[in-house]
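Asks: With the hints in hand, could you dock these two chains into one complex?
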Amino acid sequence: MSEHQTYTIHGETGDWEVVVGLEVHAQVTSNAKLFSGAATAFGAEPNSQVSLVDAAMPGMLPVPNRECIRQAVRTGMAIDAQINKWSRFDRKNYFYADLPQGYQISQLYHPLVGEGAIDISLDDKNPDQSGKRIGVERIHVEQDAGKLMHDQHPTRSYVDLNRSGVALMEIVSKPDMTSPAEAGAYLRKLRSILRYVGSCDGNMEEGSMRADVNVSVRKAGDPLGTRTETKNVNSVRFVMAVVEQEARRQVEVLEDGGRIVQETRLYDPDRNETRSMRSKEDAHDYRYFPDPDLLPLELDDAFLEECRASLPELPDAKRRRYEALGITPYAAAVLTAEVEAARWFDTLLETGTKPVAAANWTTSELFGALNRTGTDFTTSPVSPTQAAELLGLVADGTLSGSLAKQVFEIMLETGQGAGAVVEERGLKQTSDTGEIERVIAEVMAANEDKVADYRSGKDKLFGFFVGQTMKAMGGKANPGVVNEVLKKVLG
Amino acid sequence: MTDLTNLGVAAIRDGVRNGSFTAREVAEGFIANVSAAKALNAFLVETPDHALAAADAADAARAKGETLKPLAGVPIGMKDLFCTKGVTTTAASHILAGFTPPYESTVSANLWDAGAGMLGKLNMDQFAMGSSNETSAFGNVISPWRRNDGGNAALAPGGSSGGSSAAIAARLCPAATGTDTGGSIRQPAAFTGISGIKPTYGRCSRWGTIAFASSLDQAGPMARDVRDCAIMLGAMSGFDAKDATSLDLPVPAWEAGLSSDLKGKRVGIPKEYRVDNMPPEIEALWQQGIDWLKDAGAEIVEVSLPHTKYALPAYYIIAPAEASSNLARYDGVRYGLRDLPEGANLQDMYAATRADGFGDEVKRRIMIGTYVLSAGYYDAYFTQASKIRTLIARDFEQAWAKCDVLLTPTAPSAAFALGEKSADPIAMYLNDVFTVPSSLAGLPAMSVPGGLDHAGLPLGLQIIGKPLDEQGVLNAGLALEERAGFTARAERWW
Numbered sequence: 001m002s003e004h005q006t007y008t009i010h011g012e013t014g015d016w017e018v019v020v021g022l023e024v025h026a027q028v029t030s031n032a033k034l035f036s037g038a039a040t041a042f043g044a045e046p047n048s049q050v051s052l053v054d055a056a057m058p059g060m061l062p063v064p065n066r067e068c069i070r071q072a073v074r075t076g077m078a079i080d081a082q083i084n085k086w087s088r089f090d091r092k093n094y095f096y097a098d099l100p101q102g103y104q105i106s107q108l109y110h111p112l113v114g115e116g117a118i119d120i121s122l123d124d125k126n127p128d129q130s131g132k133r134i135g136v137e138r139i140h141v142e143q144d145a146g147k148l149m150h151d152q153h154p155t156r157s158y159v160d161l162n163r164s165g166v167a168l169m170e171i172v173s174k175p176d177m178t179s180p181a182e183a184g185a186y187l188r189k190l191r192s193i194l195r196y197v198g199s200c201d202g203n204m205e206e207g208s209m210r211a212d213v214n215v216s217v218r219k220a221g222d223p224l225g226t227r228t229e230t231k232n233v234n235s236v237r238f239v240m241a242v243v244e245q246e247a248r249r250q251v252e253v254l255e256d257g258g259r260i261v262q263e264t265r266l267y268d269p270d271r272n273e274t275r276s277m278r279s280k281e282d283a284h285d286y287r288y289f290p291d292p293d294l295l296p297l298e299l300d301d302a303f304l305e306e307c308r309a310s311l312p313e314l315p316d317a318k319r320r321r322y323e324a325l326g327i328t329p330y331a332a333a334v335l336t337a338e339v340e341a342a343r344w345f346d347t348l349l350e351t352g353t354k355p356v357a358a359a360n361w362t363t364s365e366l367f368g369a370l371n372r373t374g375t376d377f378t379t380s381p382v383s384p385t386q387a388a389e390l391l392g393l394v395a396d397g398t399l400s401g402s403l404a405k406q407v408f409e410i411m412l413e414t415g416q417g418a419g420a421v422v423e424e425r426g427l428k429q430t431s432d433t434g435e436i437e438r439v440i441a442e443v444m445a446a447n448e449d450k451v452a453d454y455r456s457g458k459d460k461l462f463g464f465f466v467g468q469t470m471k472a473m474g475g476k477a478n479p480g481v482v483n484e485v486l487k488k489v490l491g
Numbered sequence: 001m002t003d004l005t006n007l008g009v010a011a012i013r014d015g016v017r018n019g020s021f022t023a024r025e026v027a028e029g030f031i032a033n034v035s036a037a038k039a040l041n042a043f044l045v046e047t048p049d050h051a052l053a054a055a056d057a058a059d060a061a062r063a064k065g066e067t068l069k070p071l072a073g074v075p076i077g078m079k080d081l082f083c084t085k086g087v088t089t090t091a092a093s094h095i096l097a098g099f100t101p102p103y104e105s106t107v108s109a110n111l112w113d114a115g116a117g118m119l120g121k122l123n124m125d126q127f128a129m130g131s132s133n134e135t136s137a138f139g140n141v142i143s144p145w146r147r148n149d150g151g152n153a154a155l156a157p158g159g160s161s162g163g164s165s166a167a168i169a170a171r172l173c174p175a176a177t178g179t180d181t182g183g184s185i186r187q188p189a190a191f192t193g194i195s196g197i198k199p200t201y202g203r204c205s206r207w208g209t210i211a212f213a214s215s216l217d218q219a220g221p222m223a224r225d226v227r228d229c230a231i232m233l234g235a236m237s238g239f240d241a242k243d244a245t246s247l248d249l250p251v252p253a254w255e256a257g258l259s260s261d262l263k264g265k266r267v268g269i270p271k272e273y274r275v276d277n278m279p280p281e282i283e284a285l286w287q288q289g290i291d292w293l294k295d296a297g298a299e300i301v302e303v304s305l306p307h308t309k310y311a312l313p314a315y316y317i318i319a320p321a322e323a324s325s326n327l328a329r330y331d332g333v334r335y336g337l338r339d340l341p342e343g344a345n346l347q348d349m350y351a352a353t354r355a356d357g358f359g360d361e362v363k364r365r366i367m368i369g370t371y372v373l374s375a376g377y378y379d380a381y382f383t384q385a386s387k388i389r390t391l392i393a394r395d396f397e398q399a400w401a402k403c404d405v406l407l408t409p410t411a412p413s414a415a416f417a418l419g420e421k422s423a424d425p426i427a428m429y430l431n432d433v434f435t436v437p438s439s440l441a442g443l444p445a446m447s448v449p450g451g452l453d454h455a456g457l458p459l460g461l462q463i464i465g466k467p468l469d470e471q472g473v474l475n476a477g478l479a480l481e482e483r484a485g486f487t488a489r490a491e492r493w494w
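Residue numbers (our numbering), protein chains in the order written: chain G, 1 to 491; chain B, 1 to 494.
Any given hint might turn out to be false.
What the hints assert, rightly or not - Calculated pairs, DSS-like style, for lysine-lysine (alpha carbon to alpha carbon, straight line, at most 25 Å):
{"hint": "1", "chain 1": "B", "residue 1": "LYS466", "chain 2": "B", "residue 2": "LYS387"}
{"hint": "2", "chain 1": "B", "residue 1": "LYS263", "chain 2": "B", "residue 2": "LYS294"}
{"hint": "3", "chain 1": "B", "residue 1": "LYS363", "chain 2": "G", "residue 2": "LYS92"}
{"hint": "4", "chain 1": "B", "residue 1": "LYS242", "chain 2": "G", "residue 2": "LYS85"}
Worth flagging that the hints you see were computed from the coordinates, not collected in a lab.
Just chain B, same shape as in the assembly (with noise of 0.2 Å):
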């Protein structure tokens, strides 16, 4: 018999629903993989009875004739950043040490609701800041992949959504929920060789998701390919009236709707992603990507998105800015840690639970954050930051008119080794350069793997696409995905 932990969303749906074999045993593969991948230090916290429970509903329900549902039977991993109800939920930060949410956030609920167990809690850089890992109260994922070099270095599975990445290249679930603030779901995607989209700012409703930059946080779904993926999408997004941004708009059909014909689509490519530095594979893989959207019919024009130099610099003042006050509420008085000196007044605990709660890069994100909002920098930071912001917003209306999707290299570079960066804040934030314009203009954009780097290590390309188009990029991610045949896959060493 087949490892059932080798299937996708798609494959294992189908299989329970033809009884070609149980969820319950789905479920078992998938529960034995994680207990026996700690060394990854993908999950913070196991759920094998939440994903077992589910999975029997689904061979019940099949027992009993009924409508399966879209995921029944498919058990996935959970980011931490989503608050489970009876589930201890921390965003890999000691400030939430214990902290057990009485409620189920929406993104998590849905896809209960269709049918999805959980096999638990994914590690993930604290607060979701980060993009290797390494911010994680609780020691930082390990990628599974290693360099073809006989070395054994331990590399960055990305971030924010590391734990995910990590869990789903090593076949420890076939799917998991991510969040992407500036990258935090494509950019650990394409480090490991698995694909993931960041939907339009507003599909995924944001209530019960723990928040690190509310004008840009956005959930979305990681998994093996871009079909897994759209069916993820589907069951995670829709209006919720708790979350004022909420778009209320139909969930489309992603999944069949999906088709890799570009015939009629044109594709830009924008010039300014041409970096400095660039290694030559990445340039390499790029030009790659334009010829395999070429062979599936499109149309390649070449765009500008003059702003784009100052998207970063824009994103690490706007996001820190929300981080600063989003952050605030974690005091020490009503959940979580709390540190009380002897004799210490409210301001001392305050300080006391914070800088013992936070880690490095959170209070250097608070700090800055604080510095950027102040009386006297706030128009010469925040006000010009927002400023940047629309200007990238309106370079991506203009390409529209020339394109329907953009294509462009997911990072300047594959994973890097643990430690490699940590101590150079600038060198990491960095990384998140290709990824940042679009989640600063709230588009849809995925990565899906590429190709293999000298070192054997993965590579990702990534779609962007116009507001409410996830059809459109997820359809060019299914062009790539076909042409790339990417099979390419860790060797367990854990």
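For reference, chain G alone in the conformation it holds in the complex (with noise of 0.2 Å):
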């Protein structure tokens, strides 16, 4: 893996390098919350989804939910992390009103999963030129919060548990990240990941993930800096202008005689910059202690081989297989990022449709048509199988390059398969040689001039016979049997 252009900030004193460090929380996708049988869906009435539990009622008591556990233990695994077969919970506790226990229950000292790794790359065209491992410090679960609504009354503020307890993973990485590239980048593929392994739906704008950026500068070769923390960004644009305004911020109070103070800070989208919102001097003392409700989680090895048996093949396999039928590393790296594309590609090839041409086609025709009828591959107006009868038509000949655009467009506008539209509407290509040697004929004796040009020595005009005999034959002409008659009857 080669070094990539080194990010820096040009100050009064002289260059700074960034450092950069991303705690992501992810919302485990279940059925049920961490701690409670309660339902965890998007959207829901508020507190119509809170168990007792969940309200932290008088003697209530929280029992592990199996299926959030086999989810951020899958996550580990597809990160290649260490999974700690004996982890233990412990409490977080402060008073908030979204917080009705009074604690958070979480992992501190001894964590689901521990050190792994996510390779991302900084130019797609490049993936494994471009590449850079950012390292995994660890993984631990724990229940989220409530949420205040503070819009409801003018004086009163309201508080929605249906979010109190559904699990998260707190996925916290080194601060391996130098750029606001990178940082973008480690979030798209780590959300790329996690929606291979289905243990996370990535959604940011319904807050399933978010992110706390740690940034720092300093000086080339300098320790470490002192960081702040950014708190709850939302989306990989706002992460990277986190690190970009953060940074830029840090080195100019530092060039002007100042120093950074460890503390908590929030990004305003709207203005594009992080303000203040606590400091270290008035932090919480959380207090962790094990939970004494909860025995430590021990995972039996029965328990840890279903979660591996049960990876499908992650994005960076899934793109070295593609590049291994041929498929350039560009291509490969475009049909692999989001899983639904390269679930819809995978079935493609099951086909038995060739990888080149089909991941040709993909990455130009199909991938332009979902942006333009706002569709994606989930919602695709075309399905594999029809994708593979299209491409069959155009590998056997029946249909040109051309013709099959036409044919795809017929196909978006109708839903009818590539066949049907072939038949009604006689789009079929032809190899008729004699029909072609009569239509060719008939060009040249209309461009007598050109015939001559080319004779004595315009090559160039070939393209134009070309051009002409496809137009008169309404493009259903087979290039490849146009182009050798051609070249036999020019001499």
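Replies: Here is the structure:
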């Protein structure tokens, strides 16, 4: 893996490097909460998905949800992390209206998942040449809090506990990123892996994935600077903006002779700036201690084996497999970035369609069409089977490239299969040499001057004769045959 | 006709089954006793309808010739730490004023499923924090016992299950639930001349029981004798998927397994329990207990539990630490008391509510617990206490290589007068010196009455057993009970 160009901030006193670490909170895909049986669907009526446990009624007890643990373990396995067969839950104590128990059940001392790594690439055209490995410190599971609503009443705040107790994975990276681009690539790759594994839907708009962004700056060769933590950033774009703005701010403070305070900050997307929320001095003392309501979590080999066996092919492995089929690294990267596209494409490959043709058509034609029609791979108007039929007609010479485009457009409009479109509209390509020779003769007769020019050395006019012939045949002529006959008759 | 309220659980059960009397007669008898004993302040809520409904169900089942449930016709008292559906539950604290749970604790549900009825909710030390019942927000329970010195000093019924102990000793109910975190079943049982057993941690579900210190809290029965404890414990115990610390094991048939023949059993006498300033009467009773168990066929061996002296300080770190977190949910937001001063913000509301709602002892423990978990103190206090806890458990494990059960006094004194120790929290905490180690180790332990002191007050002997060996504990308790022949009871003054 080669070094990419270093991101630096050019200050008045010299160049500054940026150091970034991300703590990503990812909501575990599960029908029930981490320690209660309550449902977790997004957008339900306030306080309609709250059990006695989530409301912290007296005498209620947490019971771990095996599915949430399973998803976190599978996620750990997907980033090649150490899975701790013995882990434990701790209580993080603080008072707030969105936290009914007065503590969050989390894992400070003994997390479920230990060290792992995520490979990112900074250039899709050269994924293997622009790669970097970002270390992951740990993944632990914890409860989400409820939500305060301040806009329901002029003088009162309301609490919605639907989210209270929902399982989160906190995925803590090492401070291995050194630019906004790396932070963005890391978050995109992590999101992609989570969605492949199925452990988080990665929906940042609905809050099922959010990042705390740790940023510090230093001069080359200096030890790490004091970091700030910008909380709850909810898009890739914003994470990149936070790194950029926060690094720039820190450089300004330092160059003005100030010092960076270790503190929690918030990002304001409207003004594209971070603002101080609270400093370390008035930080909470969370009084972490082992949750006495829960026994240590011990995982047996059978459970781990089941977790491993249920992992799908992951994006990097899939990309390499596509490359091995002859698909370009760029197309392979594009096809594997999102799990839905990759699944769609795998189904297309399963039909026996030639990989390279399939990849070229999918990345050029289908991606464009989905963009144009505002659909995606889950709602694609063209199924892999329909695409296979279309590509089959190209492969066997029935359709030329330009005819295939026409047929595809009609398929998009009508939802018909490629064969039916060809049949109905007579769009079949002709390889009938006699017919092609006849048309070429007409074209040559109508353009005698150009024939003479060509024969006197203007080779470039060959394309003109191809175009005229195709036009005269309504695009249905087999371009290979046209070329062949033209070369023969033009001499 | 005999007074049915002089009967215990087994006698009531058998009498209802064979038709000697009806369950309704039994319930009515106890209901009358309860309503005539307001001076004891043992009940916070009386629920005669609950008891009568269960009694009528038992009588109806018998009339139809159905097999009666294990506790059919037995009315009991329920410590107010157990949430009871539709019946006010406060843990004797103002902070839960008016709280009526929409759910039933697993232990109480198990008892109702077994056919028992509820006479009412029993007073206790607030949030089970106390050894005298003086921390109840609703006035302390007064023991039915009095010294025979002619004085009328009101005595402590023990704590925290003091409503339970007083009610049983005064014949207001034949049995009651208790909970034991550091001795809260055993010490009040000893103070009032009754029996009580704390089973192995995890035998009784904690679901629906208001938490004090989760890693220590364990429910158990209190009753007049060992057999009644065995019957009650059988009904209360069992695996509960809603409690992650619940033991997934079958419930043994303890009553059927009762035997006072201790041949082949070894009884350990831990030398470290001979504490300084132990009253000679307690020493003497302990020796008497040793002789009784010898008489029952047991071999007596001296054992050492070297870390015993650290148990009390470790307990008074771990239990408050857990409590400080467990009690954070009482914040005035969702249930119970809310104190919202004019212009108050959220933090003000928390502070006002908790200042008003919690009693002094609860606040003291929340502050101790918060302190020992704080950054900079955690390792010095909580981590050290956790290590001591492990060492104490190891002491017991090593003792089990030499013996099957341990015999000790239950408490270092007989019941003290109300007010006598309430100004000195440390003196009060010292009352738990014999009961706390087995709580830290999660072991089954019970107190049975052994005799009376010079002032005519009951003294208890404690049996501690191996994990899951409630049977061994009950059997040794039975051997003591048969030989002690304890029949003394408080003379009625209320």
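Asks: Next, verify each hint and record whether it holds.
Replies: Quick rundown of the hints versus the structure:
no., hint, verdict
1, LYS466/B <-> LYS387/B, "holds, 21 Å"
2, LYS263/B <-> LYS294/B, "holds, 9 Å"
3, LYS363/B <-> LYS92/G, "holds, 20 Å"
4, LYS242/B <-> LYS85/G, "holds, 23 Å"
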